[in-house]
Every structure is written in C-alpha cells, then in structure tokens.
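**Student:** Given the sequences, and given the hints that come with them, work out the whole structure.
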Amino acid sequence: GENVGLHLPTLSVQEGDNSIINCAYSNSASDYFIWYKQESGKGPQFIIDIRSNMDKRQGQRVTVLLNKTVKHLSLQIAATQPGDSAVYFCAAKPVGGATNKLIFGTGTLLAVQP
Amino acid sequence: DGGITQSPKYLFRKEGQNVTLSCEQNLNHDAMYWYRQDPGQGLRLIYYSQIVNDFQKGDIAEGYSVSREKKESFPLTVTSAQKNPTAFYLCASTGWTNSPLHFGNGTRLTVT
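Those protein sequence lines, which keep their order, are chains A and B. For the first sequence, the numbering used here assigns the number 1 to the initial residue and increments by one for each residue that follows. For the second sequence, the numbering used here assigns the number 1001 to the initial residue and increments by one for each residue that follows.
Keep in mind that the hints were calculated from the coordinates and are not lab data. For each residue, glycine too, the CB sits at the ideal point set by N, CA and C. Any given hint could be a false lead.
[To be verified] Ranges of calculated distance between the beta carbons of each label pair, as one might list FRET restraints:
1. A/Gln58 <-> B/Lys1057: 21 to 29 Å
2. A/His72 <-> B/Trp1096: 23 to 31 Å
3. A/Gln113 <-> B/Ser1099: 33 to 41 Å
4. A/Gly16 <-> B/Lys1057: 44 to 52 Å
**Tutor:** Here is the structure:
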C-alpha cells in the first residue's frame, strides 16, 4: 500500500532564507501529488500540485520537485517569511485511483525565526 | 467567496451521545469527503460521496454515519459506537479526480 512520510518532523529557518521540506512515498505507481499548508486550528490550504509526467512545477515563491526514481517529493519556499510558519504535508494518489485514494503524510512543522 | 463551511468550530459532548457535524460547500463540487486528523498522524478518510444520494465508507468508517441529500451539504454523525471520537474533523470537496481537495477549517470535537 501507499506510505507517505516526511524526513524531518520540524524545520527551523531564519526569515529570508529558503526552506526545503521533503516527502517520500512508497508506491511508485502514484501519479498525482499535492502539498498543503496547515496553520494551527485551521484546515489545510492547497499550495501546489504536480503530476507524475512532470519533474518540477513553480508557483509564487514555491517550487515542487518530483524525483520518481527515488520516490521523493520536495517543496521549496523562497525567501521564507514569518507567515510561512505552519505544518506542511504532502499527499499522493495512486494511478487509477480516485481522489478518495489520496494518502497523506504526517507533516513537517516549519518554524520561521525572525 | 466560494468555500467550505464547517460548524461549529468547537463541540463538546458527553460519552454516549451522538453528535452531528455540519459541512456546507458553495463550490458546486460533486465530491465531498470527511477526514479525521489526530496528532502525529496523517489525515484518515472516514466517508466520501461522489454524487448526491450516494456515499461510500472510507478507511475508518466504523462508528460514523453520513448523508448526502443535497449537493451542497454532507453532514457527519459521530455515534456513541465510535470508541475514540475526540479528534479534529475536516470536511473537503473536489470537482474532479487529479484536482486538489479544498478543505474547511475543521471542527474540534471533544467527548468526555
């Protein structure tokens, strides 16, 4: 089955630095990946997604990289700001599965130091 | 503003009582979902519905029930049969496969 995990439970960065949050997935047949940001007491907020036919996708200050060879996903946040402090988690969907088959990781807490 | 509204934000119940959590969306999405979030764990799917008047069990449906009488609404009932109901409950919706879930801001249920 799918197992989605994160390399570090907590990441502390200085304001203005770049942040990299990592995620590993176990099912090589996953074809769709999503990153979410969750602030304390709130629901997850969509950040960026990527399909398996891509290696990289960029948004505003964020980039997602997908390495299918090693089944690794990363989220890069440029010029990290205090407002970026939150829990970030990834989700992966197996090929042929509907959205109800999304498997969610446990999350990385990003702490931005001013 | 389109979105998903969950109410109430906090809910307290005594053990043995059923409780219903509300979820309403105005995104015109066909599919709606209920997840449970516990500390240190990923989101776990309770129930989902892909169309009105139809719903399916997720991975942890025992002790829960749902209904989908309207496209906009997908209420979740936590029954007294749920052995560990205290948790943060999240409702979500999506328009189609391979598109991101949109989440509400959750209901924190505490049962004592």
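**Student:** Each hint: holds or not?
**Tutor:** Here's how the hints hold up against the structure:
{"no.": "1", "hint": "A/Gln58 <-> B/Lys1057: 21 to 29 Å", "in the structure": "violated, 38 Å"}
{"no.": "2", "hint": "A/His72 <-> B/Trp1096: 23 to 31 Å", "in the structure": "holds, 27 Å"}
{"no.": "3", "hint": "A/Gln113 <-> B/Ser1099: 33 to 41 Å", "in the structure": "holds, 35 Å"}
{"no.": "4", "hint": "A/Gly16 <-> B/Lys1057: 44 to 52 Å", "in the structure": "holds, 47 Å"}
Hint 1 from the list above is the single one not met by this structure.
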